[in-house]
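Number of protein chains: 2
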Amino acid sequence: MIRIAVDCFGGDRSPQANIDGSLSALEKNKDLFVILTGDEAIIKENLSGKSYDSSRLEIVHAPAIITPDEKPTDAIRLKRDSSMMAAVNLLRKDDTVSGMVSTGSTGALVTAAVLRIGRLRNVIRPSFCPILPTMAGGIVGVCDSGANVDITPEQLQQYAVFGSIYLKTVYNIENPRVAMLNIGTEAGKGDELRKQAYSLLGNTPGVNFVGNMESRDLLTGNYDLVVCDGFSGNVLVKTTEGTAIELLKKLKKEIYSKTIYKVGAGLMKGLFTNLKEFMNYQNYGGSVLLGTSKVVVKGHGSSNATAVEKCIEQALGMERNAFAEKTESLLDRIAENKETTNG
Amino acid sequence: MIRIAVDCFGGDRSPQANIDGSLSALEKNKDLFVILTGDEAIIKENLSGKSYDSSRLEIVHAPAIITPDEKPTDAIRLKRDSSMMAAVNLLRKDDTVSGMVSTGSTGALVTAAVLRIGRLRNVIRPSFCPILPTMAGGIVGVCDSGANVDITPEQLQQYAVFGSIYLKTVYNIENPRVAMLNIGTEAGKGDELRKQAYSLLGNTPGVNFVGNMESRDLLTGNYDLVVCDGFSGNVLVKTTEGTAIELLKKLKKEIYSKTIYKVGAGLMKGLFTNLKEFMNYQNYGGSVLLGTSKVVVKGHGSSNATAVEKCIEQALGMERNAFAEKTESLLDRIAENKETTNG
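Sequences listed follow chains F and U, in order. The working numbering puts the first residue of the first sequence at 2, with every later residue one more than the last. The working numbering puts the first residue of the second sequence at 2, with every later residue one more than the last.
These are computed hints drawn from the structure, not numbers from a lab. Worth double-checking, as some hints may not be accurate.
All copies of an identical chain are treated as equivalent in the list; a pair is satisfied when it fits inside any one copy or across any two copies.
[To be verified] Cut-off 16 Å, straight-line C-alpha distance, at most; resulting in silico cross-link-like pairs (EDC-like, lysine to aspartate or glutamate):
id: 1; residue 1: Lys-51; residue 2: Glu-193
id: 2; residue 1: Lys-270; residue 2: Asp-333
id: 3; residue 1: Lys-31; residue 2: Glu-320
id: 4; residue 1: Lys-251; residue 2: Asp-218
id: 5; residue 1: Lys-250; residue 2: Glu-59
id: 6; residue 1: Lys-196; residue 2: Glu-215
id: 7; residue 1: Lys-190; residue 2: Asp-70
id: 8; residue 1: Lys-254; residue 2: Glu-41
id: 9; residue 1: Lys-51; residue 2: Asp-21
id: 10; residue 1: Lys-169; residue 2: Glu-337
id: 11; residue 1: Lys-339; residue 2: Glu-175
id: 12; residue 1: Lys-190; residue 2: Glu-71
id: 13; residue 1: Lys-327; residue 2: Glu-255
id: 14; residue 1: Lys-250; residue 2: Glu-41
id: 15; residue 1: Lys-72; residue 2: Glu-187
id: 16; residue 1: Lys-270; residue 2: Glu-255
id: 17; residue 1: Lys-250; residue 2: Asp-218
id: 18; residue 1: Lys-277; residue 2: Glu-320
id: 19; residue 1: Lys-80; residue 2: Asp-70
id: 20; residue 1: Lys-190; residue 2: Asp-151
id: 21; residue 1: Lys-277; residue 2: Glu-193
id: 22; residue 1: Lys-45; residue 2: Glu-59
id: 23; residue 1: Lys-190; residue 2: Asp-95
id: 24; residue 1: Lys-196; residue 2: Glu-155
id: 25; residue 1: Lys-251; residue 2: Asp-96
id: 26; residue 1: Lys-270; residue 2: Glu-337
id: 27; residue 1: Lys-270; residue 2: Glu-59
Given the structure is predicted, the values throughout are model-derived calculations rather than measurements.
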């Protein structure tokens with residue numbers, strides 16, 4: 002049995018979406034045990050009348066809620082009785098709990114994960130790896146999308162390591178093509194960080210480094226993982242999302258400008274729905290915080306039940322396929338190589 | 002008469018697009034004098050049979066061409082007889098020439114501009130400011146989009162200064178709303194660079210700083226100018242472009258998947274053409290290198306005649322409305338304030 006804690010509060014559609022997503026994941030995954038954290042009375046109210054295997058579900062009462070506008074360090078210190086901190090504490094104290102899912106404050110979650118849950122052996126800093134759909138029909142991971150803004154070449158190397166293992170273990174991508182986000186494709190492009198990281202990435206065992214990638218090529222399907230500092234990664238992911246949203250809005254507005262367009266759009270309704278679903282990041286699960294000693298999945302604040310279910314399945318996939326062990330083993334190998342080279 | 006040099010070679014559609022764009026700009030702007038640089042015989046061949054005011058056009062023979070794959074420093078040193086360097090030398094040596102337009106190698110152009118043309122008084126480093134269309138029907142400038150990757154807070158401040166003056170002088174935006182690209186909108190977000198720049202921007206005379214902007218909001222129309230380091234600015238601009246292109250490609254592919262979609266799309270043909278034109282950055286001119294002592298406009302490598310014409314008009318607008326004088330005067334004021342504060 003794989004035990005996953007689900008923080009039921011803090012998201013825009015919580016607790017309903019978080020609870021329904023958990024029940025749906027329970028139904029589909031017979032090796033899953035879910036621990037719901039949050040106000041017990043409210044959770045029970047939301048569970049009532051629904052059918053689920055109660056032998057694989059538990060509630061941990063934690064009535065407080067951390068809101069997105071709270072300062073992360075204050076929130077985790079002052080709200081120990083919050084649904085998020087209850088889940089974090091399960092990971093910290095209970096060896097039988099493998100991971101957690103939250104749709105709450107990103108800042109509080111990262112801070113709590115780093116300070117309370119700890120890192121895998123040799124990991125410098127955990128980092129986020131959201132998954133985006135490519136136009137070729139596949140996916141691409143972006144690591145890091147905002148956990149760490151001031152970083153070193155060695156951190157980019159680690160992103161390539163655990164990002165590759167993540168794509169292998171959860172998405173069955175055999176030999177992930179790893180690119181570094183840069184302002185040109187040639188070697189030697191970019192700032193000092195990129196220049197130093199380039200050769201490091203090319204010499205990392207277990208990493209299939211294919212070179213630099215320009216941001217305009219993110220969705221082409223030519224790459225499986227893109228490594229970047231958290232600042233430009235955040236820009237990359239949010240610009241993609243923002244442009245798609247704004248463009249679809251513009252399309253909708255234009256359609257309503259002429260009757261003939263409305264008729265045409267009526268015939269294309271299925272296509273537009275597909276396109277919207279395709280660009281809906283909720284369908285691709287949450288952003289996993291890679292490098293923590295236990296699995297932490299951050300769902301989008303507006304996650305619906307399907308998105309929460311996907312987040313739980315991401316955590317399950319990592320645990321089933323020994324993400325942590327594989328990562329520590331490869332990082333050990335890299336550390337040994339480095340010692341041999343230096344000594 | 003405002004004299005602008007046009008580098009006729011180096012772009013994908015050159016020299017035809019560059020020459021036709023120049024003739025079209027000549028026709029519309031009676032205060033314009035154009036100096037075409039490049040292989041004289043080829044230019045004359047392209048001019049033959051066309052009607053234009055020959056008293057406002059001159060050719061400077063320069064047979065070599067700098068290609069995008071050449072190392073910038075080598076190119077500008079070894080190809081002094083190239084069309085690009087001929088234009089650069091006109092700016093450097095001829096006081097009557099106000100600016101230049103090129104659709105050639107970006108790297109060579111930046112290097113040549115910095116080393117040979119020089120900067121306006123007090124400018125730390127010139128930087129690119131491309132213009133993007135917003136979904137609200139207006140435009141937004143992004144400064145810097147890739148000229149400088151390792152920068153200081155003072156550089157971000159200067160981008161805000163000359164970017165604001167540029168939007169005022171060329172686009173008649175009275176009091177441009179300036180935002181700083183960041184990973185969150187709250188003050189205090191981001192890396193060290195952003196933290197330091199935030200208060201600096203808020204205290205800059207002549208700059209209407211409205212705070213941080215998340216990349217997903219670039220196209221909303223809520224901002225007129227976004228300042229950022231060249232690395233994340235490059236990611237911002239190219240991701241916007243890439244996502245729009247990939248999404249329109251996907252749309253096209255889907256349309257061809259079903260007959261009914263094809264029928265619907267047929268009715269919406271005008272809309273799709275408008276949308277494509279709207280997202281076509283060629284319609285918004287080139288990326289101006291702000292901060293050089295004379296105007297340098299970089300057109301996209303694939304610029305057509307319309308794009309080249311727009312580039313020339315950008316240069317004209319800056320010269321007509323005294324961009325250089327206004328920028329130097331405001332930077333002087335900031336330097337004086339700083340001395341007063343420090344002393």
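Verification of the hints:
For the homomeric pair Lys-51 and Glu-193, neither the shortest alpha-carbon distance inside one copy (56 Å) nor that between copies (50 Å) is at most 16 Å. In the homo-oligomer, the alpha carbons of Lys-270 and Asp-333 never lie at most 16 Å apart, since the shortest distance is 53 Å inside one protomer and 58 Å across protomers. Taking CA atoms no more than 16 Å apart as the test, Lys-31 paired with Glu-320 passes inside one copy only; the shortest distance there is 14 Å, against 72 Å between copies. For the identical chains of this complex, Lys-251 and Asp-218 are inter-copy neighbours only, at 14 Å across copies versus 23 Å inside a copy, given an alpha-carbon limit of 16 Å.
Taking the shortest alpha-carbon separations for Lys-250 and Glu-59, neither the intra-copy value of 42 Å nor the inter-copy value of 47 Å comes in at or below 16 Å. Proximity of Lys-196 to Glu-215 under the C-alpha cut-off of 16 Å is restricted to the intra-copy arrangement: shortest distance 15 Å within a copy versus 27 Å between copies. Taking identical chains as interchangeable, the C-alpha atoms of Lys-190 and Asp-70 lie at most 16 Å apart only when they sit on different chains, with a minimum of 13 Å there against 38 Å within one chain. Taking the closest pair of Cα atoms, Lys-254 and Glu-41 never come within 16 Å of each other, the shortest separation being 44 Å inside a single copy and 49 Å across copies.
Proximity of Lys-51 and Asp-21 under a CA criterion of 16 Å is satisfied intra-copy only: 9 Å inside one chain copy versus 71 Å between copies. In this assembly of identical chains, the alpha carbons of Lys-169 and Glu-337 never lie at most 16 Å apart, being 23 Å within a copy and 58 Å across copies at closest. For the homomeric pair Lys-339 and Glu-175, neither the shortest alpha-carbon distance inside one copy (26 Å) nor that between copies (57 Å) is at most 16 Å. Only between protomers do Lys-190 and Glu-71 lie at most 16 Å apart by alpha-carbon distance; the minimum there is 14 Å, versus 39 Å within a single protomer.
Taking the shortest Cα distances, Lys-327 and Glu-255 never come within 16 Å of each other, neither inside one copy (51 Å) nor across copies (40 Å). Taking the closest pair of Cα atoms, Lys-250 and Glu-41 never come within 16 Å of each other, the shortest separation being 40 Å inside a single copy and 49 Å across copies. Proximity of Lys-72 and Glu-187 under a CA criterion of 16 Å is satisfied inter-copy only: 11 Å between copies versus 41 Å inside one chain copy. Taking identical chains as interchangeable, the C-alpha atoms of Lys-270 and Glu-255 lie at most 16 Å apart whether they share a chain (15 Å) or sit on different chains (12 Å).
In the homo-oligomer, the alpha carbons of Lys-250 and Asp-218 lie at most 16 Å apart only across protomers (13 Å), although the nearest pairing inside one protomer, at 23 Å, exceeds that limit. Proximity of Lys-277 to Glu-320 under the C-alpha cut-off of 16 Å is found in neither arrangement, the shortest distances being 31 Å within a copy and 45 Å between copies. Proximity of Lys-80 and Asp-70 under a CA criterion of 16 Å is satisfied intra-copy only: 14 Å inside one chain copy versus 57 Å between copies. Within a single copy, Lys-190 and Asp-151 get their C-alpha atoms only as close as 19 Å, which misses the 16 Å cut-off; across copies the closest is 12 Å, which meets it.
Within a single copy, Lys-277 and Glu-193 get their C-alpha atoms no closer than 39 Å, and across copies no closer than 37 Å, so neither meets the 16 Å cut-off. Proximity of Lys-45 to Glu-59 under the C-alpha cut-off of 16 Å is restricted to the intra-copy arrangement: shortest distance 11 Å within a copy versus 83 Å between copies. Neither within a single protomer nor between protomers do Lys-190 and Asp-95 lie at most 16 Å apart by alpha-carbon distance, with minima of 46 Å and 34 Å respectively. Only within a single protomer do Lys-196 and Glu-155 lie at most 16 Å apart by alpha-carbon distance; the minimum there is 12 Å, versus 24 Å between protomers.
For the identical chains of this complex, Lys-251 and Asp-96 are neighbours neither inside a copy (50 Å) nor across copies (46 Å), given an alpha-carbon limit of 16 Å. Taking the shortest alpha-carbon separations for Lys-270 and Glu-337, neither the intra-copy value of 57 Å nor the inter-copy value of 61 Å comes in at or below 16 Å. Neither within a single protomer nor between protomers do Lys-270 and Glu-59 lie at most 16 Å apart by alpha-carbon distance, with minima of 43 Å and 56 Å respectively.
When the structure is compared with the earlier hints, violations turn up for hints 1, 2, 5, 8, 10, 11, 13, 14, 18, 21, 23, 25, 26 and 27 and for no others.
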